[in-house]
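**Student:** Chains A and B, in that order, are what the protein sequence lines are. All the letters of the first sequence, read from the start, carry residue numbers 84 to 420 under our numbering. All the letters of the second sequence, read from the start, carry residue numbers 88 to 243 under our numbering.
Among the clues, some could well be false.
Result set (DSBU-like, lysine-lysine): computed pairs, CA atoms no more than 30 angstroms apart in a straight line [said to hold, decoys possible]:
| id | chain 1 | residue 1 | chain 2 | residue 2 |
| --- | --- | --- | --- | --- |
| 1 | B | K137 | A | K271 |
| 2 | A | K271 | B | K189 |
| 3 | B | K189 | B | K213 |
| 4 | A | K385 | B | K176 |
| 5 | A | K271 | B | K209 |
| 6 | A | K385 | B | K159 |
| 7 | B | K176 | B | K237 |
| 8 | B | K189 | B | K159 |
| 9 | A | K362 | B | K201 |
| 10 | B | K176 | B | K137 |
| 11 | A | K344 | A | K395 |
| 12 | B | K200 | B | K234 |
| 13 | B | K227 | B | K237 |
| 14 | B | K237 | A | K395 |
| 15 | A | K271 | B | K200 |
| 16 | A | K344 | B | K201 |
| 17 | B | K137 | B | K189 |
| 18 | A | K344 | A | K397 |
| 19 | B | K209 | A | K385 |
| 20 | A | K344 | B | K234 |
| 21 | A | K397 | A | K301 |
| 22 | A | K385 | B | K213 |
| 23 | B | K234 | B | K176 |
| 24 | A | K271 | A | K344 |
| 25 | B | K137 | B | K213 |
| 26 | B | K137 | B | K201 |
| 27 | B | K159 | A | K271 |
| 28 | B | K189 | B | K232 |
| 29 | B | K176 | A | K271 |
| 30 | B | K213 | B | K227 |
| 31 | B | K137 | B | K209 |
| 32 | B | K209 | B | K189 |
| 33 | A | K362 | A | K385 |
| 34 | A | K344 | B | K137 |
| 35 | A | K344 | B | K189 |
| 36 | B | K201 | B | K189 |
| 37 | A | K271 | B | K213 |
| 38 | B | K209 | B | K234 |
| 39 | B | K237 | A | K299 |
| 40 | A | K385 | B | K227 |
Everything labelled a hint here was simulated from the structure, so no lab data went into it.
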Amino acid sequence: MSYADISLNGYASIVAGRVTTGTEFLADYPKAGVYDNDWSFSPDTTVGVQLIANLNDNLEFVIQGISNGAADYDVDVDWAYINYQVNNEFSAQVGRKRLPLYYYSDFFDVGYAYYWIRPPVDNYTWQISHYNGLSLQYQPYLGEWDILVNLYAGREDSEDNELLGFLSSASIDETWKNMAGIVTELSKDWFEFRATYMQGQLDRTVNDIVTDEDVKQKFSGISLNFYIDDFLILSEINQYIRSDSDIHVDTHMLSLGYQWKLGNYTYTPHITQSSLQQKENLSGGDEEHTTNSIGLRWDYNKSTALKIQYDKTKDRGVTIPVLGDSETLSLGLDIVF
Amino acid sequence: MSTKNIKSTSIHYLICIMLAFPVSCILSKVSFAGESSGVLVVSEFSSVRKVSVLDIRRMYLGLPSPTNSLIKNTVINFSDINVYNEFLKNVMHMTDRGYRRKIIKRIFRQGGKKVREIHSIKELVKYLEQNPYDVSFMTKDVAMKTKGIKVVQVIW
Chain A
84 MSYADISLNG
94 YASIVAGRVT
104 TGTEFLADYP
114 KAGVYDNDWS
124 FSPDTTVGVQ
134 LIANLNDNLE
144 FVIQGISNGA
154 ADYDVDVDWA
164 YINYQVNNEF
174 SAQVGRKRLP
184 LYYYSDFFDV
194 GYAYYWIRPP
204 VDNYTWQISH
214 YNGLSLQYQP
224 YLGEWDILVN
234 LYAGREDSED
244 NELLGFLSSA
254 SIDETWKNMA
264 GIVTELSKDW
274 FEFRATYMQG
284 QLDRTVNDIV
294 TDEDVKQKFS
304 GISLNFYIDD
314 FLILSEINQY
324 IRSDSDIHVD
334 THMLSLGYQW
344 KLGNYTYTPH
354 ITQSSLQQKE
364 NLSGGDEEHT
374 TNSIGLRWDY
384 NKSTALKIQY
394 DKTKDRGVTI
404 PVLGDSETLS
414 LGLDIVF
Chain B
88 MSTKNIKSTS
98 IHYLICIMLA
108 FPVSCILSKV
118 SFAGESSGVL
128 VVSEFSSVRK
138 VSVLDIRRMY
148 LGLPSPTNSL
158 IKNTVINFSD
168 INVYNEFLKN
178 VMHMTDRGYR
188 RKIIKRIFRQ
198 GGKKVREIHS
208 IKELVKYLEQ
218 NPYDVSFMTK
228 DVAMKTKGIK
238 VVQVIW
């Protein structure tokens, strides 16, 4: 009997926060994690464990389980797929993966991987975060540059969707089907460019009544990041269009950071603005909110970071307000292991 | 300024540039002479084969190794921070921050093993002895003096 070569990775974010002005702050849209006026660990606290089993030289099984405070610490399967390495440049995956719409979508819950407490909230507002299907990755040789082309196709069925249920107080089942997308990335030590496009169809059932069926939707986005000496400039601009429902949403994010090395520690102060704006439509859709954030990351060692962040959200939606204006203070500890 | 003076000044500049170039070349050679090149090392009993430096870079980023190389894992030699920095500069073409950012992203986006870090030559030799398909790097000078390992190729 032979045993597979198994490796284990993990991450954890322990975050406490409270709204200091206003009543509520939607910190985690996909899982509907909300802060109010009392200190709470639930909205952003997360633990994840990743297990990779090498079945042979070309085949591995990858599974990642995650427990979020926002989901009452239930353990969910974040990834579960078989990876087949065709050659040095091509690989194919079949199974469940995160839906790579935005720059941080793949590692949204891995707080250690970015300097904020959470990725800028106004960008990461979608109700579907995963897909079940097929993914092809191509990582060719390009000298000092790294390139990734990812093609994927699949669907996700979400019963009693957390975000839609939270925003509408109804039981909503949502399916994103016939999804097909492409992500391309070009990066170097000091520069990253990412472009993404996805199209598919949506079905929605509200309190067991079908309200949407085969509705076409498109998502596109571009990210540009610069790491110049100690300065970091991170940016993201995205667009979501559902023409049949007259829904057109634009989001953007711009962030500046500075990495300050002092002895054995690195401190990264940062400021960020993120916004979501929906074009007004005939059914009164006018969701619009902006969040300005200021924060500090302290890299205590190679696998531990401490963070503090202050977010000020302005909610301008009249027909579709989210949770109103708010100011929120959050403190976090991120580790990878 | 007369035309004669301009000509004379130009000739002086030209002579200075012509002298400066070979002098700077000699100086650069002198400074390189004090440094040792970097090599890829394995256990002395390993059958690992030579690969391109580009492949070594990709393997240290967590990408698969060429199957004919027989290399299984890469190991970071942290026994000397200057050697690690030379490795990053000459092979990875990135800073420590950039490298760590890419590794974290790779692990938690695509799944992947962490790159093992070893902090002393003694430990490194012991590890390579126990893992004959794993590779690491060190300066040629240190590799020549260290027993139990062999050089696969020069990488910088």
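**Student:** Which hint numbers does the structure go against, in order from smallest to largest?
**Tutor:** Of the numbered hints, 5, 9, 14, 18, 20, 28, 33, 34, 37 and 39 do not hold.
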